[in-house]
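Fit the two chains together into the complex; they arrive one by one in their own frames, and the hints show the way.
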Amino acid sequence: MNRTPIKPKEINAGKRSVNFDEVVLGYQESDALAEASRCIQCKAPKCVSGCPVGIDIKKFIYELTQKDYKSAYQTIREKNNFPSLCGRVCPAEYQCRKACIFTKKDSPFSGDDTINIHFLERFIGDYGMKNGVMGTGLKPVPITRSVAVVGSGPAGLCCAGELARNGIKVVIFEGLHKTGGVLRYGIPPFRLPRNILDFEIDSLKDLGVEINTNFIVGKTKTLDELFADGFSAVFLGLGAGIPSFLGIKGENLCNIYSANEFLTRVNLMSAYKFPEAHTPVNIGKHIIVIGGGNTAMDAARCALRLQKSAGMKPDTTVIYRRTEIEMPARRLEIEHAKEEGVIFRFLVKPDGFAGDENGFVKKLTSLECTLGEPDSSGRRKPIEKPGSNFDIECDMAVIAVGLKANQILTKVTPQLNVDKYGDVIVNPQTMETSIKGVFAGGDIVGGEGTVIEAMGMAKKAAKGIINMLRSL
Amino acid sequence: MKILNKKTLSDIQGVKVTSMDIHAPLLAVKAEPGQFIAVMAVEHGERIPLTIVDSIPGKGIITIIFQEVGLTTKLLGRLSVGDCLYSLVGPLGHPTQISNYGKVVLVGGGVGIAEIYPVAKAFKKAGNKVIIIIGARSKELLILEKELKAVSDELHIATDDGSYGKKGFVTELLQAVIARSKATKQSPSDDKILVYAVGPIPMMKSVSAVTKPAGIKTLVSLNALMVDATGMCGCCRVTVGNETKFSCVDGPDFDAHLVDWDELVKRSRIYIDKEKHICNLNKL
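Chains as they are written, first to last, in the numbering used here: chain C, 1 to 472; chain A, 1 to 284.
All the pointers check out, no bait thrown in.
Simulated restraints on C-beta separations: (1) C:Lys273 <-> A:Lys139: 42 to 50 Å; (2) A:Asp262 <-> C:Val412: 27 to 35 Å; (3) A:His44 <-> C:Gln415: 34 to 42 Å; (4) A:Asp11 <-> C:Asp224: 38 to 46 Å; (5) A:Asp273 <-> C:Ile325: 37 to 45 Å; (6) C:Lys338 <-> A:Lys212: 51 to 59 Å; (7) A:Pro57 <-> C:Gly208: 28 to 36 Å; (8) A:Leu258 <-> C:Glu384: 26 to 34 Å.
Capping the alpha-carbon separation at 30 Å, the derived lysine-lysine pairs in DSS-like fashion look like this: (9) C:Lys363 <-> A:Lys245; (10) C:Lys404 <-> A:Lys245; (11) C:Lys313 <-> A:Lys276; (12) C:Lys285 <-> A:Lys245; (13) C:Lys221 <-> A:Lys245; (14) A:Lys2 <-> C:Lys169; (15) A:Lys266 <-> C:Lys285; (16) C:Lys15 <-> A:Lys274; (17) C:Lys411 <-> A:Lys125; (18) C:Lys349 <-> A:Lys245; (19) A:Lys274 <-> C:Lys249; (20) C:Lys70 <-> C:Lys463; (21) A:Lys6 <-> C:Lys178; (22) A:Lys283 <-> C:Lys273; (23) C:Lys221 <-> A:Lys124; (24) C:Lys362 <-> A:Lys205.
Short derived list, chain C residues pointing at chain A, Cβ under 7 Å: (25) Asn214; (26) Asn252; (27) Glu261; (28) Thr264; (29) His278; (30) Thr279.
No wet-lab data here; the hints were simulated from the structure. Note that beta-carbon positions come from the ideal geometry of N, C-alpha and C, so glycine has one too.
Next comes chain A alone, as it looks inside the complex (with noise of 0.2 Å):
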């Protein structure tokens, strides 16, 4: 659990983004696409999912990639190399259903975009032809562009300024893809599409909205709030076509068309006045 590296991947306009490499030699081993750990920051501290961006099983190493927004991810980022976390634990959550589906598209907004990369190495590997769609405010915001690069075959890039790559949403750009796909389209199995996505609920909702009419499968992460992160308090339950799942268990990944989103943006603010408070006692 001690932290063997660290790197800020960006810190701008209130927006700090911090890379860790930690040694979990267990866990690199077992790790998979898509899966994630629960972590405690210091012994008095909330229990926090974090995805699992990378892992070194020869090495013993697994990496998160966190953005500072509430006191548990201030107070990872206030840590050193050399520090211990007080606890760790995972794999948690089913890995993402990685196989051959032709073409997938992955998109990733904000922090998201981190977690989405474990997602496009596997389905590169897997022989997907893999599109990714990363957007953010503005270019410094931008993370893991060389990375992601690597894993696909094509990396298309929005920015809300425009200061990098086409101004505007991801989903304008997954518009785009869409339609080049079935304009290019040669044989019935070349519009067969996956589309992946991980990043605020705004987005993930987004894209669910313009991949359902089109019929598109679409996955998406969910990082709903979480006390044990393993099925035990319900906390992160979610609608899913009418039926209550637990992210933890039972997801992280679900069918982005059929997720209640309204429902999952209301319980995303339970507890948003307490975290507000919080952070300005402890001055973060």
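The following block holds chain C by itself, in its conformation from the complex (with noise of 0.2 Å):
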């Protein structure tokens, strides 16, 4: 058996850095067949315990190394309805390819030789997407009843495909004017082509699922309305869309932006292509980027992207308080972003911004850390050098320290328990909050997560709606 892991193509960080276009080019049939082979097809496999939404992963490697691709496919869609999706954003290092039996015993994430699930799930959810080999074996019932899915972020797109393939009438509810929540505003087309995204969406509009974008549930209409409207049961992906800042001296400098707006406004938005878009974007000469996570790691490959486009010295620096191995970023992105030439800079504290006389960021003042024994979190905790204050030039600076409960339909719905975060609190077994009939999951239950774990929550509210609506 071969044990090296097959490697997918990339375009090479000189070129790919001067556009937006996708980095990773993904697995070719022979790539993905001797990848396939490599797995020694475990009699009791660990990998599917380390997938949120238990896809057996086992199977559909196997159908894979006979060429049986459209098994494979449906393998995966029993389980995951965006194979294309996940097999590109999933922290696979994190989740499935970190149980693989290849990982060593302690290891933070996955060792280099784990089976390339995630790159062997993309190529199985592409062959699908081209070949239009749908249909996921699932016989529905139909259920006369409707639903209304509030949020086409990962969580709402999950749990309103797994509800109509149940036979269920579906409608979402998306507050911006295009749909996919995170995976449009935040992740870049180069991590995310759009046209895959859209591939993915389209296919809960063959399914039935009607879309409604411009909507806010707690704005244009409240919960107590949808129910007034016909629809028996809610499910809430509201994300977690409020932006946290550090609290330092001078954060509202003019060009510092959170990831959140910078990331909206180049992906979204599309500012990356202004002045044909109309949305603008600054680019600095010197850019800090702090925080370390995949927000901080799409944030600085987007600003290094800008400089280049826009024929400057790229100087991308990321800050971060821990050291590379505490990082939550995917390893693939962070090694992306070096190959790239984003600058890395650890055990670096923020303490202020200072600004010029028109209000524009100019320097950032930090402090040097160490690294002291682990917090809650599990990381070892940062701990400041007293006196070690330094300056760095910065015209322009991305916060990328993490994100909050969006509140618009919390805050106007008292009935709707949150704990002290702004979070949804749910049954863990159903996903019903305290107001009967609405369920809810991804970032809006327990904070900050990855886009499988919001499907993963999603595919248990689903099935905790289904068991409701029969039951009525």
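Structure, rendered in structure tokens:
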């Protein structure tokens, strides 16, 4: 057996970092077959337990090795409506691949020689997309009830798909003018091309799902009004849409963006195509990105691309208060960012911004840190070195230090119980909230997670909704 | 999102102000005074916030009034009756807190005159004595005089060039109104005044400077730069009483005396070069 993992083709760093085209080209058929053949088909596979939606990984990889791509596609779709999407954005090294037998014990993420399950999923997903092998094997017993899904991000899309496949009429309500939630406003096209996203969403429309954009539940209509309109249940996939700031001096200076604002301008509003697209974004000569998660990586890689496309010398630095090992970002994204020329400065904690007379940011004062004992997150805690203050020149900064619960709906719905973070409290078995018939999942439950974790919750909620509707 | 009616309110000295009735039945039912919408004129356009000036729930109509300043408002102005906006969502922001304060003085400058109209109407309905002060560069640029007269007990007008009303600024009229109110005070509740101001930032700042020493509660409706306008991006952040607030979801109304006006001015100018550039490119 070949133990060497197959790397998918990628556009080289120099070429790709001047545009927003997809970076990872994925497997050719021969690559996929070679990689799939590395799977030893464990008797009791652990990988499945690492998948938040429980895809039968062993089975689809076996079907792939038999070149039975159609069956492999259907095996995945049985558990996951969006293989092309998840194959691209899942942090597999923390999930299925980490659970793979080839991962060394106690490793924080999977080793390089684990099976590239996500690339195989993507290959199969794209095969299904190109060859029109839809159909999921499920035979819906029609339920003559309709369900409203609030939000069209990962959780909402997944829940809508699950319900529709069970013969339920679903209407999605999305606040923005386009669907996809964080998949469109947050994740850049070079990680998730828009044609893939559109395909996955369009597949829901083929299942009869209706989508209303420009509709904010809590503003345009209340939850009560949705029930009055005849919906029997509501799923809330509201997301974690509110950006956190650092709370340091000078944070409201011009050209200091939240990652959400920066990415929304660039991705949703296509500011990288300014002036053809009308939404502007400023591009600094020295850009600082603060944070160590995927959002920080996305922001840094977008910033670098904007600098290069504008013919500027690339100068984008990620500042993180721990070290690379503790970064919550996907390893692949960190590698890609480095290859493209993003600079990393670790053990640095921002302390305050200063600006010029017009209110534009000029520099960031920071402190050096060392790592102490592990904190509640299990990661070693950064400790400031007293008197280690130093300045970093920056004329633009992006703050990517996390997101909080979207509160537009919860604030006007007092019967909906939330915790101290504003996250919606649910029954963990059914995902039902404190309001009967209202279910929730994704980042609005339990805070920021991954796309596939949101989908895992959404699937559970869909099950809860179906059970409830059957009992009516 | 179809445009049902369009009217040019003023078009002189390079200032073009347009009123548009738009078919938006759900919003027409929900809209309350002080709330706004986020609109996109075209598919590759910007999202910008515009105040809902009026709504007729029975007919499913909302009215917006805008001055052509940047590319998006200019493109909006190019749309005709029968055209559809690319997108429109709302109603956004908290409604203005309407109650019976006794006496409410509303100050409007430029296109801000349109924005005080729905609020004035609601304050009048709530039983307040409503005094309205509006100002513009010259007579031709004054809008909604007739409508505002109908919802107020007193209407005072100032023009920079003296072509109509008093020559001078709205703040001078405001000072006079406050002085008169104090002079004619018969009982302690008589000087219970609320001031509500909407207009260019320097105007709102000046109004605040007049009322702050007098200890008169003053609300302003801020029109900060926004992207999603639903609390997700923080572009519209403004410092109010040393706290960062988002104009879109925490506002748009704020206590004028607590607003960091200098920061607001600077933040409103972040894209001024790009705005000029894109307008030139589009020959608008």
